[in-house]
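If you want the building blocks of each chain, they are given just below.
Protein chains: 6
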Amino acid sequence: MTHPFEEYRKKRKAGNEKLLKTDNLVTKRFVSLDKQAYKDGALPATTKELLALTASMVLRCNDCIDYHLETTVKLGFTREEIDEAIGIALLIGGSIVIPHARHAAESLEYLFGEQQESNN
Amino acid sequence: MTHPFEEYRKKRKAGNEKLLKTDNLVTKRFVSLDKQAYKDGALPATTKELLALTASMVLRCNDCIDYHLETTVKLGFTREEIDEAIGIALLIGGSIVIPHARHAAESLEYLFGEQQESNN
Amino acid sequence: MTHPFEEYRKKRKAGNEKLLKTDNLVTKRFVSLDKQAYKDGALPATTKELLALTASMVLRCNDCIDYHLETTVKLGFTREEIDEAIGIALLIGGSIVIPHARHAAESLEYLFGEQQESNN
Amino acid sequence: MTHPFEEYRKKRKAGNEKLLKTDNLVTKRFVSLDKQAYKDGALPATTKELLALTASMVLRCNDCIDYHLETTVKLGFTREEIDEAIGIALLIGGSIVIPHARHAAESLEYLFGEQQESNN
Amino acid sequence: MTHPFEEYRKKRKAGNEKLLKTDNLVTKRFVSLDKQAYKDGALPATTKELLALTASMVLRCNDCIDYHLETTVKLGFTREEIDEAIGIALLIGGSIVIPHARHAAESLEYLFGEQQESNN
Amino acid sequence: MTHPFEEYRKKRKAGNEKLLKTDNLVTKRFVSLDKQAYKDGALPATTKELLALTASMVLRCNDCIDYHLETTVKLGFTREEIDEAIGIALLIGGSIVIPHARHAAESLEYLFGEQQESNN
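If you're matching them up, the sequences are chains Y, D, C, G, H and W in order. The first sequence begins at 1 in the UniProt record's numbering and counts up one residue at a time. The second sequence begins at 1 in the UniProt record's numbering and counts up one residue at a time. The third sequence begins at 1 in the UniProt record's numbering and counts up one residue at a time. The fourth sequence begins at 1 in the UniProt record's numbering and counts up one residue at a time. The fifth sequence begins at 1 in the UniProt record's numbering and counts up one residue at a time. The sixth sequence begins at 1 in the UniProt record's numbering and counts up one residue at a time.
Isolated chain Y (complex conformation):
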């Protein structure tokens, strides 16, 4: 059976292609701005990803959480560091965020497992 995180990846890829087939300029430029925003600047790219992860948690968007978990793991954050960002998000956003923290815990288990495999 495919892991839910793989289904998410497939769905995001297919959805992005459909979204970007549009001729709508606002959408295209918004998505392009979104890609450029997370580069190194006054703040390092790593910090920006962590900001986005926390914002995604308090705004309670699982797809956004999965996207930024994938990136923060790839950028080298440890489980302890990511768990601290999740703790802060829980505190700021309240118990309504708990189901999203559960979702993040599922995704993190998969992502760190994947990382370990590729390191072997």
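Just so you know, the hints here were simulated from the structure itself, not pulled from any lab data. Virtual Cβ for every residue (Gly too), placed ideally from N, Cα, C. Not one of these hints is a red herring.
Ranges of calculated distance between the beta carbons of each label pair, as one might list FRET restraints:
| id | chain 1 | residue 1 | chain 2 | residue 2 | range |
| --- | --- | --- | --- | --- | --- |
| 1 | H | LYS21 | W | ARG9 | 22 to 32 Å |
| 2 | G | LYS11 | D | LYS74 | 39 to 49 Å |
| 3 | W | LYS13 | D | ASP40 | 52 to 62 Å |
| 4 | D | GLN115 | W | ASN16 | 55 to 65 Å |
| 5 | H | GLU6 | D | GLU114 | 49 to 59 Å |
| 6 | W | SER118 | G | PRO44 | 53 to 63 Å |
| 7 | G | GLU109 | D | LYS74 | 49 to 59 Å |
| 8 | D | GLY76 | W | LYS35 | 52 to 62 Å |
| 9 | D | GLY113 | Y | GLU114 | 29 to 39 Å |
| 10 | G | LYS11 | D | GLN36 | 27 to 37 Å |
| 11 | Y | LYS35 | D | LEU75 | 26 to 36 Å |
| 12 | H | LYS11 | D | GLN115 | 41 to 51 Å |
With the hints as your guide, set chains D, C, G, H and W onto chain Y.
This is chains D, C, G, H and W only, laid out in the frame that chain Y set:
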């Protein structure tokens, strides 16, 4: 395999029947007011549907988005017009709305395909 | 086929275990505070559950709604009482809450069915 | 100097008059439904007010909080009971609710002071 | 005494100047995209302003509401048309939007008064 | 005339005192947990403050924004770094965040002015 949009239609229908079996007056009157609000008035019914679509996007409710996409397509809006409403919603609601814009792109592909078939 | 409510129960249980494997103190203490908050105090535990159900509805979190529906049914609230809380939530939160009221109606049918069976 | 709560009362009254001068039927019927929803039913009116107070807290609307604080105090809830509803709202809605809990504490001091005066 | 709407205009102007003194590229490009999005396209600029007004109402942002009320009045929408958009927003966003509908009613009275004066 | 930031400080202090006069254990323990969460851990305290600032922006809470701006300035972040966090928040949260970015720009001007004075 059933398209996700068909599953949504089936689930909405079944859910509405269960919701309206209640004797609760507030819920009944709220749902009834909701039905009457989208008729032609000072603003045409078409504009009101577009307002509701944009509001559903910025409030990030996929079921609400699907409902108003179905209606706006049925009322004759073109893909370009709906894509502009989605662009505005993205700008107002931010990148947290992107997963919902992806969802809308999937639904729109299905709805315009369905429309084309019924025109043949 | 498993009822969606059973799938929710299984997923919540598995997710909670994964969430609590963390060493993060903020998350652990937050979850612990969450458990203690719903005990009898100046307000009875029953009222607190109803407050949490309504808050979960207006914040539009299906997993939170299911959790508090399960508890309110277990605590002895009637369908009419729970439907009134849902009506209030619909009014406060608006038509964007309708899909969650449909979800609640599905869950309530299951939970009261389950209760009746166990009473026989 | 006028207490902020008195300014709120004056502003709400003036605003309601202006809002209801509209000929818009949806707004008129919505406001009318809102008035009828908080009567005794399967749940007592008192419980419904407490539900609305908690929902107003987690949705972070000071004017709504003040309205339902005024009503819950008038209906005879004690400070301890209202503080428990606020505690639940804080837990569900997170630290982002703290400024609204501070606001509620200011309003409650005024409202219970007013009640005591009128009892003398 | 200055009308609150004039104070809002002054504060917005001063705030925008301070915001745009930043060298931050994301903010600058975001604000620039925001300016271009509301031009005539597949949808007329007028419709886009109405979409933004409704979105601002359901997202409960008074400054955003005032901005789009000013523009919709300037673009020639009648009070009846704007009131219908507000009614839709109330229905979608729920009673938590009522304080913002009161705010809008105050602003509209001022804006249409201003318009009438300038027509004389 | 007192600067709005000084009024905010005075109001927050007075409000906190009133909030903590309560005997409610959930509120007391929540506020205490909130104080402990921002200490150095797997992530440095500085990063946590930046996470909280971004979360406060996307959740659109001016009092929360002011609190975390005060702390981030005190902790030594530069204007450029804070402006990047604000840019990310604008992108994630959308144009509805603009009024809060204006508010932040006003507060930052005051806070960096204050810092410069105390350095002289």
